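Number of protein chains: 2
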Amino acid sequence: MPSHFADRLCDAVRSRKTSLIVGLDPVYGRLPAAIKSHRHMNDEFDADAAVDAIFDFCTQTMRIIAPMVPAVKINVAFFEKYLWEGIETYYSLITEADDLGLEVIGDVKRGDIGHTAKLYAAAHLQNPELAGLEDTLAPDAITINGYIGTDGIEPFAEMATKQGKGIFVLVRTSNPSAAEIQDFAGADGQVVYERVAEVVARIGDKPERVGANGYSNIGMVVGGTAPDVTKALRHKYDKAWFLVPGYGSQGATAEDCIRFCKPDGTGALINASRSIIYAYERPQYKEQFGEDWKRCVEQAVIDAKVDLANAMQTLI
Amino acid sequence: MPSHFADRLCDAVRSRKTSLIVGLDPVYGRLPAAIKSHRHMNDEFDADAAVDAIFDFCTQTMRIIAPMVPAVKINVAFFEKYLWEGIETYYSLITEADDLGLEVIGDVKRGDIGHTAKLYAAAHLQNPELAGLEDTLAPDAITINGYIGTDGIEPFAEMATKQGKGIFVLVRTSNPSAAEIQDFAGADGQVVYERVAEVVARIGDKPERVGANGYSNIGMVVGGTAPDVTKALRHKYDKAWFLVPGYGSQGATAEDCIRFCKPDGTGALINASRSIIYAYERPQYKEQFGEDWKRCVEQAVIDAKVDLANAMQTLI
Chain A
1 MPSHFADRLC DAVRSRKTSL IVGLDPVYGR LPAAIKSHRH MNDEFDADAA
51 VDAIFDFCTQ TMRIIAPMVP AVKINVAFFE KYLWEGIETY YSLITEADDL
101 GLEVIGDVKR GDIGHTAKLY AAAHLQNPEL AGLEDTLAPD AITINGYIGT
151 DGIEPFAEMA TKQGKGIFVL VRTSNPSAAE IQDFAGADGQ VVYERVAEVV
201 ARIGDKPERV GANGYSNIGM VVGGTAPDVT KALRHKYDKA WFLVPGYGSQ
251 GATAEDCIRF CKPDGTGALI NASRSIIYAY ERPQYKEQFG EDWKRCVEQA
301 VIDAKVDLAN AMQTLI
Chain B
1 MPSHFADRLC DAVRSRKTSL IVGLDPVYGR LPAAIKSHRH MNDEFDADAA
51 VDAIFDFCTQ TMRIIAPMVP AVKINVAFFE KYLWEGIETY YSLITEADDL
101 GLEVIGDVKR GDIGHTAKLY AAAHLQNPEL AGLEDTLAPD AITINGYIGT
151 DGIEPFAEMA TKQGKGIFVL VRTSNPSAAE IQDFAGADGQ VVYERVAEVV
201 ARIGDKPERV GANGYSNIGM VVGGTAPDVT KALRHKYDKA WFLVPGYGSQ
251 GATAEDCIRF CKPDGTGALI NASRSIIYAY ERPQYKEQFG EDWKRCVEQA
301 VIDAKVDLAN AMQTLI
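Residue numbers (our numbering), protein chains in the order written: chain A, 1 to 316; chain B, 1 to 316.
Simulated from the structure, these hints should not be mistaken for lab results. The structure presented is a predicted model; accordingly, all values stated were derived computationally and were not measured. One thing to keep in mind: the hints can contain errors.
Identical copies carry no separate label here, and so any pair may be met within one copy or between two of them.
Using 30 Å as the maximum straight-line C-alpha spacing, the simulated DSS-like pairs for lysine-lysine come out as follows [as the list claims (entries may be wrong)]:
(1) Lys-36 with Lys-236
(2) Lys-294 with Lys-162
(3) Lys-118 with Lys-294
(4) Lys-36 with Lys-17
(5) Lys-239 with Lys-262
(6) Lys-162 with Lys-239
(7) Lys-294 with Lys-305
(8) Lys-118 with Lys-17
(9) Lys-262 with Lys-118
(10) Lys-236 with Lys-286
(11) Lys-118 with Lys-286
(12) Lys-206 with Lys-162
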């Protein structure tokens, strides 16, 4: 019997004393010079060299952050760019993250009708049992697009539950035109993202999906850039973990994001990607640590944790 | 200057005299015995053997259908099941399809916010320029989930337009619970899928996206199982190609689907997957052609084309 994903998240957030998670969105051009100048990694236009550099950078970054944060979110789009070579790298990083004790969220945003959803769920949530792929691990959770409705989400929920894993369904995203469809107002006063949240909560509320800490393994993605949305959702869906993008580079503040947490600090994973992994590009760290990119990343994590902890204090 | 995707579709539909396209949803367990018994392909639990069998089956199937239909839709979920090995096979099949003169639709249903959408668009619509991947082709078009709104769709539209390719954005799907979110009624009488269609049409109506035949390269996915929806959308969006799933195994009739075509037969791609590629499981073909699975597939395409042509006659 595998452990419950939502309980593992509670433990991880408590032991690291933060809801901060780090997103890996690696772009070759922005990697540290120390990596790009390696003899076998110095050609952006060679697929092998590029994925080797990205793997090296992500692995080193995860070694720095693993003692400090509960989870890592790996955005598969940055790997699909390198087709099958990138996908192999994506799965190698999941194994590395698991070895480091990080919970791994595969940011894949898959979604399709029933039969196809089952296949996506098997591909992304089940460790493969095929000869040739047997040492490969699937992530602990993935992100899902729920526009298809219940029978496009349920196959992912079933597989996740069976495997002790989780899903986070897109409810309200953090991009400028998110309101166009997601805030579309219904005849009954409800808007579309609230409707989606209701569907997701119904799927997540099944007793076998709720862990010992009272949280479901079926969570929601809600952008930190829409703080007015936050309080209502947190209050209404007390079993949900929220995955909150937008902190840092996308402009959401610590105060905006921390409202997704309950007073004990659980209930939300607040993601920062570029502001952490490219910390060595930021003047405040560059001036202090020079070419030591790892020290920059480490300090950016520390600073973000303090920022969130301070915001939590003002909230309580 | 690449040719215009929507114009290529018009030519392909006219030359094959049908709007029928075939969907490749290959599952190892359902492949013909003649393929599964090959010495190197007879182990379902070996990744190499399984993808080799799937590649062989899909290639042979495409050789049969290529002279008869304008396009093939390849569902990437069935390949992601085999992780990077499956993705390599998916891209190999795109090259095969291109060699056979088929337009190729990658059914990938990707979607994300701006920066990530750009990366997905590069991965799925641009032929890679990287050493090690340089002979690989991206599909002619892909399917997109537009829940994110305009700035999640526009990066795909831009890349597609630049590359002479297309996208089909999910508007109304064919699954039982599609109505849950997609038919959510707005305060102004519009429902969600109509809103999405409006957003997609606005993106597709830009002059540089409309080809010589008056069609845009930005199309819509609308299930054939909701025929009441059809007429209004066809009438309202005369520049749109509709990609219509649901014909055959999912229960939409030829009459339901053909309404998406204009009187000259252009304007819709009507997809049948399992009813064609597994025709050798259907008693009507099995009795007639026995173990000759290729003859079964061929006859199923012929019958489906006649079925759609007859439905077109009753419509005119």
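Status of each hint after checking the structure:
In the homo-oligomer, the alpha carbons of Lys-36 and Lys-236 never lie at most 30 Å apart, since the shortest distance is 48 Å inside one protomer and 52 Å across protomers. In this assembly of identical chains, Lys-294 and Lys-162 lie within 30 Å of each other by CA distance neither inside one copy nor across copies; the values are 38 Å within and 39 Å between. Only between protomers do Lys-118 and Lys-294 lie at most 30 Å apart by alpha-carbon distance; the minimum there is 28 Å, versus 40 Å within a single protomer. Taking the shortest alpha-carbon separations for Lys-36 and Lys-17, neither the intra-copy value of 34 Å nor the inter-copy value of 53 Å comes in at or below 30 Å.
Proximity of Lys-239 to Lys-262 under the C-alpha cut-off of 30 Å is restricted to the intra-copy arrangement: shortest distance 11 Å within a copy versus 50 Å between copies. In this assembly of identical chains, the alpha carbons of Lys-162 and Lys-239 lie at most 30 Å apart only when taken from the same copy (19 Å versus 45 Å across copies). In this homomeric assembly, Lys-294 and Lys-305 come within 30 Å of each other (Cα to Cα) only inside a single copy, at 17 Å, whereas the closest approach across copies is 62 Å. Taking identical chains as interchangeable, the C-alpha atoms of Lys-118 and Lys-17 are never at most 30 Å apart, the minima being 36 Å within one chain and 35 Å between chains.
Taking the shortest Cα distances, Lys-262 and Lys-118 never come within 30 Å of each other, neither inside one copy (33 Å) nor across copies (35 Å). Taking the shortest Cα distances, Lys-236 and Lys-286 never come within 30 Å of each other, neither inside one copy (43 Å) nor across copies (56 Å). Taking CA atoms no more than 30 Å apart as the test, Lys-118 paired with Lys-286 passes between copies only; the shortest distance there is 29 Å, against 46 Å inside one copy. Proximity of Lys-206 to Lys-162 under the C-alpha cut-off of 30 Å is restricted to the intra-copy arrangement: shortest distance 13 Å within a copy versus 47 Å between copies.
Of the hints listed earlier, those the structure fails to meet are numbers 1, 2, 4, 8, 9 and 10, in rising order.
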